[in-house]
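Colleague: Just so you know, the protein sequences line up as chains A and B, in that order. For the first sequence, position 58 (counting from the first letter as 1) is numbered 58 according to my numbering, and the numbering increases by one without interruption. For the second sequence, position 83 (counting from the first letter as 1) is numbered 83 according to my numbering, and the numbering increases by one without interruption.
Derived from the structure by calculation, the hints contain no laboratory data. It is possible that part of the hints are untrue.
[What the hints assert, rightly or not] Some chain A residues flagged as far from chain B (calculated, every beta-carbon gap over 12 Å):
#	residue
1	G59
2	S73
3	Q80
4	E83
5	S95
6	E103
7	F106
8	G109
9	R111
[Said to hold, decoys possible] Calculated cross-link-like contacts (lysine to aspartate or glutamate; reagent style EDC-like; alpha-carbon spacing at most 16 Å):
#	chain 1	residue 1	chain 2	residue 2
10	B	K109	B	D58
11	B	K109	B	E15
12	B	K99	A	E14
13	B	K67	B	E15
14	B	K42	B	D83
15	A	K68	A	E14
16	B	K99	A	E11
17	B	K99	B	E15
18	A	K78	A	E11
19	B	K67	B	E3
20	A	K78	A	E62
21	B	K99	A	E103
22	A	K78	A	E14
23	B	K99	A	E62
24	B	K99	A	D56
Computed from a predicted structure; not experimentally measured. C-beta atoms are modelled at their ideal positions from N, C-alpha and C, and glycine is treated no differently.
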Amino acid sequence: DAGVIQSPRHEVTEMGQEVTLRCKPISGHDYLFWYRQTMMRGLELLIYFNNNVPIDDSGMPEDRFSAKMPNASFSTLKIQPSEPRDSAVYFCASSLALGEWHEQFFGPGTRLTVL
Amino acid sequence: QKEVEQNSGPLSVPEGAIASLNCTYSDRGSQSFFWYRQYSGKSPELIMSIYSNGDKEDGRFTAQLNKASQYVSLLIRDSQPSDSATYLCAVTSTGGGNKLTFGTGTQLKVEL
């Protein structure tokens, strides 16, 4: 299995531009998570999906952020317009939920820099 | 008050020593607890999970859970330089399904 796949791995953009991050979860996993990691705030959950349906988006910082999961094998996180404070590493993770077992497998991350 | 608290470190231990990493959490309803290891520039990877009070051992790693004190710890025996990383504590939320809340992590440095 290829694991969770994210693209691009690095993104440098200018303030005000639209940014789209992409994620392909592990086949068969029914949960997908988007996280943001910064030195100051650590790893923060932005939104998660179960069977392609958004369950909790309380971590999405503001309306500039949106996420979609049109099918079981693809999700996007969009920032429009981007701002310098959005600079961070964005991780996508996926998991099964079997009883107590909730291991989340993380993708390699997208390092976003907004100038 | 943060939901999951960890000392940011760095925690420095000599090679071969025991490293002790600690984590406290605020949600009394939390049921599942995880330790993730994250090397610099890499993604987090799960190394231990624990669900019941007491100790759980896996090789050189031991996770300890005390729900009454809302405390979870990770012991690494015979620490190796390859253990140098940031260790993230993660906790499930009451009624949160598969949602995890992470601490900010403790940086561990194992010195030769």
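Colleague: If a hint holds in the structure, say so; if it does not, say that too.
Modeller: These are the hints, each one checked on the structure:
With a least beta-carbon separation of about 9 Å from chain B, G59 of chain A fails to lie farther than 12 Å from that chain, contradicting its non-interface assignment. Once the 12 Å rule is applied to beta carbons, S73 of chain A is consistent with being away from chain B; the minimum gap is 18 Å. Look at Q80 of chain A: its CB is around 25 Å from the nearest CB on chain B, clear of 12 Å, so calling it non-interface holds up. Every C-beta of chain B lies more than 12 Å from that of E83 of chain A, the closest at about 23 Å, which supports listing it as non-interface.
At the 12 Å boundary, the C-beta of S95 of chain A falls inside the reach of chain B, the nearest C-beta of that chain being 6 Å off. Consistency note on E103 of chain A: stated as away from chain B, yet its beta-carbon is not over 12 Å from all of that chain's, at 5 Å minimum. Its beta-carbon lying about 4 Å from the closest one in chain B, F106 of chain A breaks the requirement of being farther than 12 Å from that chain. Interface exclusion of G109 of chain A from chain B breaks down, the closest Cβ pair being 5 Å apart, not more than 12 Å.
The claim that R111 of chain A lies off the interface is violated: its Cβ sits roughly 9 Å from the closest Cβ of chain B, which falls inside the 12 Å cut-off. At roughly 21 Å between alpha-carbon atoms, K109 of chain B and D58 of chain B are farther apart than 16 Å, so this suggested pair is violated. Of the pairs offered as hints, the one joining K109 of chain B and E15 of chain B holds, with about 9 Å between alpha carbons and a cut-off of 16 Å not exceeded. Straight-line distance between C-alpha atoms of K99 of chain B and E14 of chain A comes to about 32 Å, which puts the hinted pair past the 16 Å bound.
The suggested pairing of K67 of chain B with E15 of chain B is violated, with an alpha-carbon distance near 31 Å, which exceeds 16 Å. Pair hint K42 of chain B plus D83 of chain B holds up; C-alpha atoms about 14 Å apart against a cutoff of 16 Å. Straight-line distance between C-alpha atoms of K68 of chain A and E14 of chain A comes to about 23 Å, which puts the hinted pair past the 16 Å bound. Proposed proximity of K99 of chain B and E11 of chain A is contradicted: the alpha carbons are some 27 Å apart, above 16 Å.
With a C-alpha separation of about 35 Å, the suggested pairing of K99 of chain B with E15 of chain B is violated against the 16 Å cut-off. Between K78 of chain A and E11 of chain A, the direct Cα distance comes to roughly 13 Å. Compliance with the 16 Å bound is thereby established for this hinted pair. For the hint linking K67 of chain B to E3 of chain B, the alpha-carbon distance of about 14 Å falls within 16 Å, and the restraint holds. The hinted pair formed by K78 of chain A and E62 of chain A meets the criterion: a straight-line CA distance of about 12 Å does not exceed 16 Å.
Among the hinted pairs, K99 of chain B with E103 of chain A is consistent with the structure: their alpha-carbon atoms are about 11 Å apart, no more than 16 Å. The straight-line distance between the Cα atoms of K78 of chain A and E14 of chain A is roughly 15 Å, inside the 16 Å bound, and the hint therefore holds. A C-alpha spacing of about 20 Å is found between K99 of chain B and E62 of chain A, which places the hinted pair above 16 Å, so the restraint is violated. About 9 Å separates the Cα atoms of K99 of chain B and D56 of chain A, which keeps this hinted pair within 16 Å; it holds.
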